[in-house]
Amino acid sequence: MGFFSKLFGLGKETKAVEVEPFEHEGYLIYPEPIAEGGQYRIAGRICKEIDGEMKTHTFIRSDLLASKHDAENFMLEKAKMFIKQTGDDMFR
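Each step along the sequence shown adds one to the number in the numbering used here, with nothing skipped, and position 47 is 815.
Some clues are possibly wrong.
For lysine-lysine, the following BS3-like pairs were computed, each having C-alpha atoms within a straight-line distance of at most 25 angstroms [to be verified]:
id, residue 1, residue 2
1, K846, K836
2, K852, K823
3, K846, K823
Everything labelled a hint here was simulated from the structure, so no lab data went into it.
On a predicted model such as this, the values are computed, not experimentally measured, just so you know.
Starting from the given sequences, assemble the full structure and let the hints guide the process.
Dropping the structure here:
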């Protein structure tokens, strides 16, 4: 069973990392870089409550950066630009 547990991730506990969101024009931006090969892929979520329902737009970019901090900052800037360009249409 040990081999299959490792292969399929059974019995493995994963810790959910609590990310503090950044508020921008009524949207909550959650930078969530993905560690990959010693670098960090730009990723995250944009959330907004619309008509009493929390809507979420998740994205992952192809960009890789050397530090987690840089990936978080770049994600914030990209998310702000995306919000400006698409607004609530991102949730359709």
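Structure-based check of all given hints:
1. K846 <-> K836: Between K846 and K836 the Cα gap is close to 15 angstroms, so the pair holds against 25 angstroms.
2. K852 <-> K823: holds, 17 angstroms
3. K846 <-> K823: At roughly 18 angstroms apart (the allowed maximum being 25 angstroms), K823 and K846 satisfy the hint.
Hint compliance for this structure: every hint is met.
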